[in-house]
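Chains A and B supply the protein sequences, listed in that same order. Heads up, the first sequence is in my numbering, so the first residue is 1 and it goes up one at a time. Heads up, the second sequence is in my numbering, so the first residue is 1 and it goes up one at a time.
It should be emphasised that the hints constitute simulated quantities derived from the structure, not laboratory data. Even glycine gets a Cβ: it sits at the ideal position worked out from N, Cα and C. Please note that a few of the clues may not be correct.
[What the hints assert, rightly or not] With a straight-line cut-off of 20 angstroms between C-alpha atoms, the simulated EDC-like cross-links for lysine to aspartate or glutamate are:
# : chain 1 : residue 1 : chain 2 : residue 2
1 : A       : Lys196    : A       : Glu42
2 : A       : Lys126    : B       : Glu126
3 : A       : Lys230    : A       : Asp28
4 : A       : Lys126    : B       : Glu130
5 : A       : Lys98     : A       : Asp88
6 : A       : Lys196    : A       : Glu106
7 : B       : Lys37     : B       : Asp231
8 : A       : Lys126    : A       : Glu155
9 : A       : Lys85     : B       : Asp231
[What the hints assert, rightly or not] Negatives, chain B to chain A, calculated, CB over 12 angstroms:
#  : residue
10 : Val12
11 : Ser34
12 : Ser187
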Amino acid sequence: MKTGRGPITVAATALLFVCGCGGKGGGDKPRLVVSAASSLTEALSSCSDGLPDAKVRLSFAGSDELAAQIRRGVRPDAFAAANTKLPDELYRDGLLEKPLAFATNELVLAVPTGSGEVHSLGDLRKAGVKIAVGSDSVPVGSYTQDVLSRLPTAEREQISRNVRSREPDVKGVVGKLTQRAVDAGFVYASDVEATKGRLQAIRLARSLQPVVVYGAAVVQGARQPKAARKYVRGLRSGNCAAALRDAGFGPPQAQ
Amino acid sequence: MSPRPWFAAVLVVAFAVALTFLTLPVVAIFVDSSPGKLIESLGDPVARDALWLSLKTTTIALLLILAIGTPAAYFLATRRFPGRALAITLVELPLVLPPAVAGIALLAAVGPTGILGGAISDAGIELVLETAGVVVALTFVASPFYVRQAQAAFSSVDRTLMEAARTLGASEARTFARIVIPAAMPSLAAGTALALGRALGEFGATLMFAGSFRGITQTVPLAIYDRFSTDFPAALALSSVLVAVSAAILLSVKLVSRVEVLGGRAPS
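Sequences are here, hints too, so could you generate the full structure?
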């Protein structure tokens with residue numbers, strides 16, 4: 001054992017990989033880190049691969065978790081949330097550049113395909129029906145609260161009694177549904193689409209539907225602000241916009 | 001080997017890096033928030049529900065682990081049968097499984113659409129989204145810590161002691177209870193503490209298999225995750241409780257193994 005450098009070289013290489021140090025890497029494309037809402041998983045994964053002008057690394061979680069990370073000093077290049085409230089708050093506090101609304105979605109009641117328990121919102125009141133929702137802090141959970149708050153008190157209370165799990169993000173609700181651990185759950189229309197037939201959506205009455213608008217912004221202090229701005233604009237019009245439409249997201253309203 | 005100054009320096013630097021890296025995050029939990037605020041956050045009903053649920057589920061899981069794991073470990077330690085090495089590996093496997101895999105595996109086995117799901121629900125047993133499901137998840141991930149330790153302890157009990165008891169007419173059950181268990185006690189206690197620590201910290205399998213609902217399935221780690229985005233100080237407060245309990249567990253394991261060493265020396 002004369003050199004003894006092997007392990008050190010290995011460790012150093014490992015560190016380089018993990019922290020992404022050492023400049024641009026991967027040719028001369030800038031590397032973008034994008035924090036995005038769980039519900040964007042399928043759409044953004046498909047369009048962010050092989051973008052001509054950036055190598056994108058996506059980090060998916062509940063929008064509230066991602067916002068909390070940014071508040072605690074985590075600096076991705078861009079943040080895409082399942083509402084406009086979180087990006088607006090972070091913008092007000094000087095942590096984001098001005099947010100841009102880039103897509104809409106629809107909150108639906110989802111049930112496992114072929115399960116006979118739930119056919120309408122009213123069925124959620126039946127004793128023994130199991131429901132999963134998002135936790136109050138994640139956008140899908142707060143949209144669900146909006147829907148429930150528009151129902152008559154008695155109905156709302158009956159439904160709330162059947163809630164059996166409050167998941168940290170929308171994919172948690174989807175998982176409980178596809179595993180048939182619950183009979184119904186509130187998720188986005190695009191999530192039902194992404195299960196390729198394993199879940200069915202029951203649309204909510206227009207009067208109950210919350211306005212679900214997705215907002216994105218460049219993070220202040222982003223390492224690649226230019227590429228990040230381009231990526232965020234591309235969510236509204238570009239490859240990713242097309243992927244979002246394909247995944248069942250609606251176009252943003254004119255701002 | 002002549003002493004090499006650069007080698008000594010490497011050791012010191014590596015030690016300093018390791019110590020800082022491992023200690024800093026734990027210290028930060030206590031530094032980031034004032035003690036008053038920590039205690040105040042613990043008065044919160046959601047936090048108290050989580051603490052109570054964690055205490056309850058961990059205790060039940062541990063009792064199950066002790067009741068079934070002890071004889072099972074004794075069987076593994078004293079019997080020779082074909083496939084024994086494989087059986088031991090299988091029993092130890094959950095030890096190294098990622099929690100998310102444990103969650104998926106439990107769903108695939110005893111979840112509503114799992115291979116035993118139908119039989120379990122026909123028997124009128126509800127696991128998913130129930131406190132019982134949390135207990136199953138904790139037991140699954142924590143029991144190998146105990147069984148492994150117990151098996152090693154039983155294997156190292158002095159055979160001549162056991163044979164002496166048998167020749168004096170004691171049944172195997174009596175020998176097990178009177179000779180083997182007391183002799184292995186320090187190791188069993190250490191194994192129990194390790195299983196306790198693992199059960200208390202379980203997160204992924206619980207969330208995937210049992211869900212998250214206040215008072216029913218939301219244990220302390222799940223409550224910490226739920227709080228992280230909205231109430232960081234409260235998440236810190238709950239974390240500090242887990243740190244304190246874990247430190248106490250580690251300390252008691254160290255004390256117990258010390259007793260073991262002293263106890264081993266005493267008779268000679």
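Comparing the hints with the structure gives:
no. : hint                 : in the structure
1   : A:Lys196 to A:Glu42  : 12 angstroms, holds
2   : A:Lys126 to B:Glu126 : 18 angstroms, holds
3   : A:Lys230 to A:Asp28  : 16 angstroms, holds
4   : A:Lys126 to B:Glu130 : 19 angstroms, holds
5   : A:Lys98 to A:Asp88   : 8 angstroms, holds
6   : A:Lys196 to A:Glu106 : 17 angstroms, holds
7   : B:Lys37 to B:Asp231  : 12 angstroms, holds
8   : A:Lys126 to A:Glu155 : 10 angstroms, holds
9   : A:Lys85 to B:Asp231  : 17 angstroms, holds
10  : Val12                : 16 angstroms, holds
11  : Ser34                : 18 angstroms, holds
12  : Ser187               : 34 angstroms, holds
Consistency with the previously given hints is maintained throughout, with no hint failing.
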